[in-house]
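A.B. asks: Starting from the known structure of chain Y, fit chain C with the ligand onto it as the hints suggest.
Residue numbers (this note's numbering), protein chains in the order written: chain Y, 1 to 170; chain C, 1001 to 1327.
When the alpha-carbon atoms are kept at most 20 Å apart in a straight line, the in silico PhoX-like pairs for lysine-lysine are as follows:
| # | chain 1 | residue 1 | chain 2 | residue 2 |
| --- | --- | --- | --- | --- |
| 1 | Y | Lys-21 | Y | Lys-32 |
| 2 | C | Lys-1271 | Y | Lys-32 |
| 3 | C | Lys-1297 | Y | Lys-21 |
Simulated coverage check for chain Y against chain C, where a stretch passes if three residues somewhere in it have a Cβ under 8 Å from a Cβ of chain C:
| # | region |
| --- | --- |
| 4 | 74-84 |
| 5 | 155-167 |
No lab work stands behind these hints, which were simulated from the structure alone. Just so you know, these numbers come straight off a predicted model, no measurement behind them. Glycine included, each C-beta is placed from N, C-alpha and C at the ideal position.
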Amino acid sequence: MQDQLGGQYSTAFGSLGQYEKGGVEVINDNPKHYAFSNMFEVATGAKPYEKVAVAKNLEYVLEVIRAEGTSGWRATPHDEFALVMDGSLEVELLDPDEQLVSDDASGSIGLEGTPAGKPMGRVQAGRGHMTLLPAGKAYRLHSDGVAVVLLQTIEGPDTVYRWADICQTV
Amino acid sequence: MTMIETTMTETGPNASGYKDFSIGGFTFSRDEYFATITWPTGSHQMDIGQWLRCVQRDVAWGFFYGIVNFDAVIGTMNHYGNVDMFAGRFNEAYRRAEVDYNENFDHDELMSCFTAMLSDWTNEGYDPFAAPMETGSAYGPSRGENDMAVTRKRVVAQRMVGVPGDEPIRSDESGFPINRGFADVPQDEPVISAEPGYEDQVCSFNLFAYLSRSDVTWNPSVVSACKESLYCPTTEEFILPVIHGNDRVEWFVQLSDEIQWDVEDRDTGAKRARVVMRAGDVAAMPADIRHQGYAPKRSMLLVWENGSPRIPEMIANGEAPVHPVDF
Ligand SMILES: [Fe+2]
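Same shape as in the complex, but just chain Y (with noise of 0.2 Å):
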């Protein structure tokens, strides 16, 4: 299908490479209000596999991370969703042989070296592309160049929370 003049419409994804930030245009209120931030702008600052949180909803958090090389291994207690919004990722999971993290506990918690157990598979996920990372599961990311992902999870011992830095403030 084309549009009206005859060309095809052309969808606009970001990248760390070329993104154009919005922002908030104030009538009458605080932009910190609307805690605007992009995750482009986000990963470029950040360090390989901190988890940058960008949205937060009472105990939950949309985290940034700017996955680049191999991260260490991680457990979760719940369902986590890894988006790539940029760049390729591999995702490696693993069954673990004993729970590594309570049930009720809340976010992944770092690991020590390769836990014992099966390995489960791999994901080789691109750009759009939403992985599962499965409840009571460890996992490690990994990424040739630097690839940007938003997960989806609860705030964990690992969240870091740079709002002053990140987010449009007037």
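C.D. replies: Same frame as chain Y, but now just chain C with the ligand:
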């Protein structure tokens, strides 16, 4: 207190071929161009296409979170089990003149009134979920119906789209062709290699391809659930028909293209801000505003909701945060 009969009644058809509906103190009628709404202290008219697009969203979302304003006068407020229908309640002039009106209904009763109205008032060839360039006209005398469109089921994944036994991914074969606005969106799927016995837990899907095949606009549906944290992405083109009045903080993640939001005070409608969101932007809508979005090209918006059943009580006790974060 006056007891008002809340059972819905239908009469007609009228000269244009449409039924009239009434529930409690409200009556609803349509002619070739307009919906006319009356209540004990006033009346109101809306473009019928706009009316149908609003009622369609309200029905599909089960009255959604908080307030669904159809315009600056009419709308509904969800109390999760029961629902208010109001006129002028969130309009300063109506309130000051004391001609505003509010009536509480059982969820199912108002829902059945709206559902019957949608079925009778939607003509053949008109799809209230579609962008204006993708559908026929809402206007004119009654002709046919489009129940296939107005009774679409909203997708609600329990865990994640694509997980075995959960909501399926979309394809040409399943009746979801790529939308004209997303013809350039890559359709590649992730490469999954699951060890035997783990096929139902090693799961991934192309969310952007999935959204490129959405046949509705401004209709958030659940694709993943982390306990009560719900990813409700939606594809947007033209104008969000309703003005959503929040009862809790709601987050937007702009996945592609651009949407501009008008943000107003929830109670008075006074302008507070405009929010321009482009691909990669993340922003919250405070709990005391109402907002309406404008999408010049079909775009992908991830609406992120907290569906916790604790929240209505927190709202009632004034414990729910108004702003997303303090910093
Ligand atoms: Fe909203």
